[in-house]
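Student: Chains F and W supply the protein sequences, listed in that same order. Residue numbers for the first sequence follow the working numbering, beginning at 1 and rising by one. Residue numbers for the second sequence follow the working numbering, beginning at 1 and rising by one.
I should point out that these hints are in silico values taken from the structure, not numbers from a laboratory. It should be emphasised that the depicted structure is a prediction, and the values quoted were computed from it without experimental measurement. Warning: the hint list may mix true and false statements.
To be verified - One side of the interface only, derived from the structure: several residues of chain W facing chain F at Cβ under 10 Å:
#, residue
1, S404
2, R407
3, F413
In this text, a Cβ means the ideal position worked out from N, Cα and C, and glycines have one as well.
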Amino acid sequence: MRLRIISLLLFFVSGCADADDVSGLWQTPLDVSAVSAGALSNDLPVRFRLAAGQYGKDVSGVLLLFSDDLFHSLEACRYLETAEVRDGHLLFSVAGAGNEKLDVELLLGDFEGDEALQGTMTGQGDSIPIVLVRQGDGGDIHEEGLDLGCPQR
Amino acid sequence: MNPSSATLPARLFRWLLLAALLPVIAAPPVRADEMPQRRKKTVAVLPLKRFDHPCSHLFASGQESEPFARNVHRWIEEELGLQEDLSVVPPSQLWSRITGRGDYREKVVLGRERYMLGKEFYRDLRQVDAESHLLRSIELLDGIYYDVVEPEALAEIQLLLGVTLVEEGRAAQAHLAFKRSLLLAPASRFPAGYYPQPVEQALTVACEDLRQSLEREVPVGTVERTGKFLADLKLDALFFPLLVSGDEGGVELVLVVYTRQSRAAVLREVLPQEDEKVTRERISRAVSRFAACTPYENIPRKVEEKHRFLFAAKYENLLYLVQPVRSPLLAMGFSFEAGHFFLKSFALVGKLQVFSSLKDRFDDLLSGFTSARLILGPAFSVSGNWWRLYVVPGAEFHYMGSFSVSRDPDCKFFLPDSDGRQAMCPSSSVKHFPIDFVAGVNVFLGSQFFFADQLFLDMGASVSTYFAPFDRSFDMNFPLTFELGGGVVF
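For reference, chain F alone in the conformation it holds in the complex (with noise of 0.2 Å):
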C-alpha cells in the first residue's frame, strides 16, 4: 500500500515535467555556417533563431532568420504555425515567399555537447538543414521582446 501511493506520487511529480522540453531559445552556433534559406531570406545565406513556449505537446513561437553573425540584420520572422512536439522531434510550418508553406522538422538531441534541434526545413525547392543550439530560456524569451511577436522592422 505504501508502495502504492509512493508510486502514485511519483507519477503526478513525473507528469509535471515533460521529458522533451523545447521551450527557450534556439540559434544557429557561430562554427555553423550560414544557410540560404531561398526566397524566404532573399536568397541570402541565414542564421535561424528560435524562440518557442512548449505546452503539453503543443508549441508556440516565432522563427527569426538573419543575415549576419551577430543576429543583428533581420531577413525575416516567422510565426510557428501548427507546431507540436511527437516523438522528441519538434514539427512546425512556417510561411514561405507567396502562399508557400515551409514545412520544419527537428530532432531534439545534442550538438557538440550542447542541447540542440536539427533538421530540415522542406518547401518546393531543395531541404535547408538548420541546426540550432539552446541559448536561452523563457526568460530569455522576453528580454528579446519575442513574446510581443515578431520584431517590427
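Got chain F sorted already, so can you dock chain W onto it with the hints?
Tutor: Chain W only, in chain F's frame:
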C-alpha cells in the same frame, strides 16, 4: 430562475440546517469547567479468618460456628459498595479472575501431582525426596494464588511439609511450615494423638507464635506478593479481616487493608466485638475512613470537555475536480476558523478561506485568480484525551475572481495585447470567466492532535458541491481541499 425548481433544494437546505441545530435547542448546556472525574478504586475482601480460639483447641474436636464470620464479610462488602469511589469485586468474581488465568489448571494438576508424590515418598519414609516434591508443589501452587482459592488444600500440603521437616530434625523450617498452614486454615483441628508428640508440640508452638504475630501478617504472605497479587488481578486494594482474641479475653475484629502502592497496611482497625449493630457501624466508619483517605487518580478529561472556543489557521491546497482546463487545477491558500462549543461534542464553526490559483500543467489558465469562501456549519466530534475527530457539514458561499482559459498555445506564448497575440490568437480561442458567486454544501472531515493543553495540530480534507444559482451549470465544481495547520482552544 424557475421558482418551482428552486423551492425544493431551498426547503431541503432549511430542513438540514434545522436538523443540525436541533441538538443545541434540545440539550442542556454543559459547563466546560466541570469537576474532573475520579477513577474508581477496585477493592476485594478476603474471607474472614478466625484466630479467636486458644491454641489448646488445636487437638480438640468440634466445628466452630460461622454465621458471624459470614456476616462480617458481608458487612464489609456492603459498606464498600456504598462508597461512590469504590468498586467491589465479589469473591466469586475474584476466584474467577484467579482460576481464569492461562496456566491455572495446568499448575493445579502439576502441583497436586507433586503433592501426591511427596505424600508417597513420606509414606515410604523417604523424607528428603518428600520434602523436595512438597516444596515444588507449594511453589507451583503459590504461583497461581492457590492459597487464596483453596487455602485449606494448601494448608494440608504445608502441614505435611512441616511433619516431614520435623522428622528430618529441621525444627525451624518445620515451624514456618506449620505457621503458614495454620494461617491458611485457622480452623484446622487435629485428632489428639494422631501425630507424634514432637509434631503436636511444634504445631502448638507455631499456633502460639502465629497468635503473637497476627498483627504483622500480610494477606498473601509478603508485602511484595500482595502487591503482585493486586497487580495481577487488577485490584487497587485488598481487605483482610481477622478475628482474634482480645487483650481482655474478648474477641476483636482486625481489619487490615493493603493497596497496590503501599509497602505496609494503609488501614489497621481493631474493633472489639460487640453486638452486631455496633460492629457494623464501626466497620462502616472504618470503610468510610479508608475511602476518604485513599488518594484517587483523576480521569484525564477528554479534549471535548476542556474548552468552549476554538481558533485555527491552516494552510490549504485545493483541487477542483470539475474545471475548465485540461490538467488538474490547483489553488493554495489559508483558512481561518472559529468555533464555539455548545455541547461537549457539538459546535458551530465558521471558516474564512482565501485561495490563489496555481499554474496548471499546460498553462491553459492564462491568468491566475483569487477566490474566497465562507463556510458555516455545525461540527460533530468524538475525542480522546489528546485527539479529536470531527465532521463539519456546512453551507458554503464562494467568491471567485475573474480569469481566462485557452488551449491555443499562441494565446499562452504571446503576451496580452502584443502583436503576436493579435496575429496568432483569435479571441474565440480564449474563454473568459467573470467574477462569480456560487453557493453549495461543504463537508469537512478533520482531526486535531493536542500537543499542549490548549494547542493542537489540525489536519483534514473537505469536498464541496455547488448548486446555487440554480439556473446554470458550473464550469468549476467539486473543490477538494487538504488542510494542515494548528490552533488554540480556551
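Student: It remains to establish, for every hint, whether it holds in the given structure.
Tutor: For each hint, the structure was consulted:
no.: 1; hint: S404; in the structure: violated (15 Å)
no.: 2; hint: R407; in the structure: holds (8 Å)
no.: 3; hint: F413; in the structure: holds (4 Å)
Hint check: a violation occurs at hint 1 only; the rest are consistent with the structure.
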